[in-house]
Amino acid sequence: KQEVTQIPAALSVPEGENLVLNCSFTDSAIYNLQWFRQDPGKGLTSLLLIQSSQREQTSGRLNASLDKSSGRSTLYIAASQPGDSATYLCAVSPSYGQNFVFGPGTRLSVLP
Amino acid sequence: GAGVSQTPSNKVTEKGKYVELRCDPISGHTALYWYRQSLGQGPEFLIYFQGTGAADDSGLPNDRFFAVRPEGSVSTLKIQRTERGDSAVYLCASSLSGGRETQYFGPGTRLLVL
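In order, the protein sequence lines correspond to chains A and B.
Numbering of the first sequence is given in my numbering, commencing with residue 51 and proceeding in unit increments.
Numbering of the second sequence is given in my numbering, commencing with residue 58 and proceeding in unit increments.
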């Protein structure tokens, strides 16, 4: 059974810092991996989707990498801003199914 | 609007009652997913529809939970004989064709069973 973990559970940084969020998964037989953002009381917003054949994806200040063989992904946020404060979730789609398996999330606070 | 919508946004019910949660996916999206999210945790998969049929219902916790999508658009998640442990946020997502592509999430329905 696929299990997804995220470290750290919570993170507080001053504005302007670069930061890295970590995601680990136990079964490397994945189809793709997706990073989401969730604001309090709201649904999830997709940030980046990495196919299993890719190593990384970039969007603006965000860069996500994938090392499928070691079961790890990182989300790099450059020059963090208070508006980046949210919970960040990673999710993997198994190669044999349609659903995503989510991690518990990292709660990020960027202080002005 | 163009996004996924869910109604109601909040639902408070008593233990043992029946509830229905509604999801309106993005127009033209054939794939629809239901997830359940407990406090401090990531969403947990419940069921996936491709068109009108439930292609994967392996995440439904027991037979008190049932979902339908009769016309391949709107979906309803039905919970019978609710229990306090059913309290959670129920999220709906849709994607264009279900090929494990980007899923677009609704704001969720927060269910509280007293």
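Hints in this document: simulated from the structure, not taken from any laboratory.
Note that the structure is predicted; figures quoted are calculated from it, not measured.
Heads up, a few of these hints could be off.
[Said to hold, decoys possible] Calculated lysine-lysine pairs in the DSS-like style (CA-CA distance at most 25 Å, straight line):
1. B:K135 / B:K72
2. B:K68 / A:K51
3. A:K51 / A:K92
4. B:K74 / B:K135
5. B:K135 / B:K68
6. A:K92 / B:K68
[Said to hold, decoys possible] From the structure, some residues in chain A lie toward chain B, with a derived Cβ separation under 8 Å:
7. P58
8. K92
9. L94
10. L97
11. L99
12. S103
13. Y126
14. A128
15. S135
16. A136
17. F150
18. G153
[Unchecked claim] Where chain A lies over chain B, by a calculated footprint (3+ residues, C-beta under 8 Å):
19. 93-102
20. 159-166
Idealized CB from N, CA, C, for every residue including glycine.
Flag every earlier hint the structure violates by its number, smallest first. 2, 3, 7, 10, 12, 13, 14, 15 and 16
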